[in-house]
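Undergrad: Here are the chains, one letter per residue:
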Amino acid sequence: MRILSATAAALSLWALASHVAAAESPEHYPSRPVEFIVPWGAGGGSDQTGRELSKLLQAHFNVPFPIVNVPGGTGNAGMIKMLSAPADGYSVSLLAWDTFALLASRPPKWHMSDLVTLGIVIQLPSGFYVAEDSKFKSWADVEKAAKANPSGLKVAISGFGSPDDLTIRQLAKSGVSLKAVPYAEPGERYSALLGHHVDLLYSPIGNIGNFVSGKQMRPILFFGTEPIKGFEQIPNARDVGYDISLPQRRALVVKAGTPPDIIKKLSNSLSAVVATPEYAAFLKRELASPESYVPTEAASKLMESDLQAMKKMAGKK
Amino acid sequence: METIHLLFQGIVQIVTEGYLTMLLIGLIVGMAVSVMPGLGIVMGIVLALPFTYTMKIEPSIIMLTAIYMSGTYAGCFTAILYRIPGEPNDIPILWDGYQMSRNGKTSEALGWALISAFLGGIVSTTFMVGLAIPLGKLALQFSTADYFAAVFLGLTSVVSLAGSSINNAFIGLFVGLIISTVGVDSIYGSERFTFNLAILVNGIPYIAVLVGMYGFGEVLTRLGRKPVDFFSKSGPVKTNTRFPRWKDIWEIRGTFVRSTILGTLLGIVPGAGATVTSFIAYGMEKQYSKRRTQLGTGLPEGIVAPQIGSTASVAGHMVPLLTLGIPGSGATAIILAAFLLHGVQPGPLLLATAESRVTVYTIFASMFIAVIGMCLLSFPWIRVVVRVLSIPPAILAAIVIMFSLLGTYANRNSVTDMIIIVVFGALGYCFERFKFPISPLVLGVVLGPLAESSFMQTMISHDNNWMAFFDGPIRGTFMFLSLIALLFPLFRNMHKRSSFAHAEAIS
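Taken in order, these protein sequences are the chains called A and B.
Counting from 1, position 179 in the first sequence corresponds to residue 179 in my numbering; the numbering is continuous, with no gaps.
Counting from 1, position 205 in the second sequence corresponds to residue 205 in my numbering; the numbering is continuous, with no gaps.
The set of hints was computed from the structure by calculation and includes no laboratory data.
Quick caveat: nothing in here was measured; it's all calculated off a predicted structure.
Treat the hints loosely; a few may be bogus.
Unchecked claim - Output of the computed footprint for chain B on chain A, the stretches with three or more beta carbons under 8 Å from beta carbons of chain B:
(1) 73 to 79
(2) 141 to 148
(3) 192 to 201
To be verified - Simulated pairs of lysine-lysine, DSBU-like, Cα-Cα distance not exceeding 35 Å:
(4) B:Lys435 x A:Lys215
(5) A:Lys55 x B:Lys56
(6) A:Lys137 x A:Lys229
All C-beta atoms, glycine included, are put in the ideal place defined by N, C-alpha and C.
Given the sequences, and given the hints that come with them, work out the whole structure.
TA: Written as structure tokens, this is what we have:
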């Protein structure tokens, strides 16, 4: 596969050279492979989303959408790679909210205005999990313990500045003070909870469905807006008095300055492929919200409001 | 009992599912890359990695592990026959192996290497398989403080065997640690040592450093030499293998026991790769074996110890990989990547469910078969080796450079990583030229990120109380061993000084 994608990259480079010489009309888009950047390593949640979309887009357009994994810097490396390519629609990237949240806390070298969102493609509720044999039976137990001993309970998060971190900070403002311990690798986070090195784990649900069904972990609080199917008895933060709902979202983006016709073509195709039964099955498998897809304009608005919310949580204007 | 049952289940799976083909391909690839000077085991595994994408998890890991296993062995052929170490871990082997060959005992030297690789592989794999489940259970107890202590031990133990200059080893290690901090830090996200250069923002991946310093640098070093030295013709070589007699093996049983235990144990400690193990095993013989004074003149001990150490370390390395998810060497780092590409996170969880336990034991079972297979393959392979080495040096160099660049590009799909390779290739050349040890620097680059993140995580979760690194049995033991490793060279130096004349006589 990697050889394939390398070959495809080489091919698109070659095509690029000829493209510069003779500008291509948007009607013929896409006439060559479209590089699909996943700014995370292979095998993770973003990668799985990317591969599903790449497969469907490929079938839709009848040109390959080779996945190019560019891990590093909380997704920054991949964004920079996409933004350094020409704005011709031949390089698309997945943008996870972990990366997007950087705009709120420590601005990276790119801005919201550098991107055009084709649509939000997946939304996963995040939540707190405890080990199956944890002494905490419900969120009320955790709340009590946290209030009795501020910063005494440890929670494993993915990193500082992430949506995880912002949520913990917001909770602290509401009087529930937890100590966030960053573990960059998902496996480390899970092991930390199972080995009782932390009391809680913050995670989007998709990644840890296996542990929950394997009776190793159980959810204790979600940060969503509505009950989650199969976990109706677990409260959302809003139900217990915290106005926090920051789900994990992933959007498909292209570089700003891409011809409007191509953007339109891409976003229309995206809305077609996410409506397929295959994609619905994928969302179900990931325990994602069935109505995950948000089309272009609405997605931009949602991103704007999420960014404002995150900036507020990060304590910045 | 469950272990044996699972193991047989694994063997059945290997045979019935047709994984034997992948195993055989892996063994051949491993042998091919390890006889090519400059093309390392790590590169062999990197090159094979893309082919595993479409395969199932078991055959993928079986193939990569087979490359790793046979890669620690086949490089001894070129070391014994031509005084060219195919892999860094073959360097100690050539000291006695080539001497033995020059004494007209080429067949015997090859025989000793074969028997060592076989015993080292089988015994250490058995040991590892027997203890994998307890180690897996122990693994969940591993806190970040324990990780840090283990990594710290990895850092110190290598410095203790720095060779001629402890100072240079420390300098190399610290330079390596600094290199590992370049880029965006994983905890707070601040940019360090990037000098506002786009090329540095995403960090310097240790694979690029490794390939640059060993692969690229080695090519430069070789091109700097006269072609005459590159392929010194040693006349027609007898290519048969003669097994040592039982009596001879029994005579140096101490070497066998010491090296196997050492190889397996060092394997479990992250950081000490086959190369380091090979050097320590040789060093240990130099201190404890009966005929230590004659070591270097073509003794079997000088072949047995580093070869057993190298091969035994493979099984040792699979323990932290499978039970903790910690890659202890460059090769296991890529095997870890292969696991992740298949959506499997090695670590405590891998042994937690019955289904994935079968996967693990299939991999274990394949390692036994790999050891046997690699020994059988060595007979025809030696004949091939003689021919491979007749590729003109210029063409070989071009091939090696091409593979280095391609392999690293594929790693992160990043062109800047190719520039990093060239820079580190030049640095590797300079190190080699000025006799500065490369391995401490590479070790620092490899272990640095792990050391830093586990240190920071521990400090954050223990309110900056550094006693957290000492107050448990696992971390306490590791820290104690680290202390010994740091002090040992001091004692050795004192001992050396007192018996300086004696040591002179040996070398």
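Undergrad: Take a quick look at whether Lys55 (chain A) and Lys56 (chain B) sit within 35 Å of each other, Cα to Cα.
TA: Holds: Lys55 (chain A) and Lys56 (chain B) sit about 19 Å apart, inside 35 Å.
Undergrad: Hint check: Lys435 (chain B) vs Lys215 (chain A), CA-CA at most 35 Å. Holds or violated?
TA: With Cα atoms ~56 Å apart, Lys435 (chain B) and Lys215 (chain A) exceed 35 Å; violated.
Undergrad: Count residues of the stretch 192 to 201 of chain A with a Cβ under 8 Å from any Cβ of chain B, then say if the count reaches three.
TA: holds (count 5)
Undergrad: Are there at least three residues in the stretch 141 to 148 of chain A whose beta carbon sits under 8 Å from a beta carbon of chain B?
TA: violated (count 0)
Undergrad: Keeping to a limit of 35 Å between CA atoms, is the pair of Lys137 (chain A) and Lys229 (chain A) held or broken?
TA: holds (20 Å)
Undergrad: Are three or more residues of the stretch 73 to 79 of chain A within 8 Å, CB to CB, of chain B?
TA: Check passed, 4 qualifying residues.
In the structure shown, a violation is registered for the earlier hints numbered 2 and 4, in ascending order.
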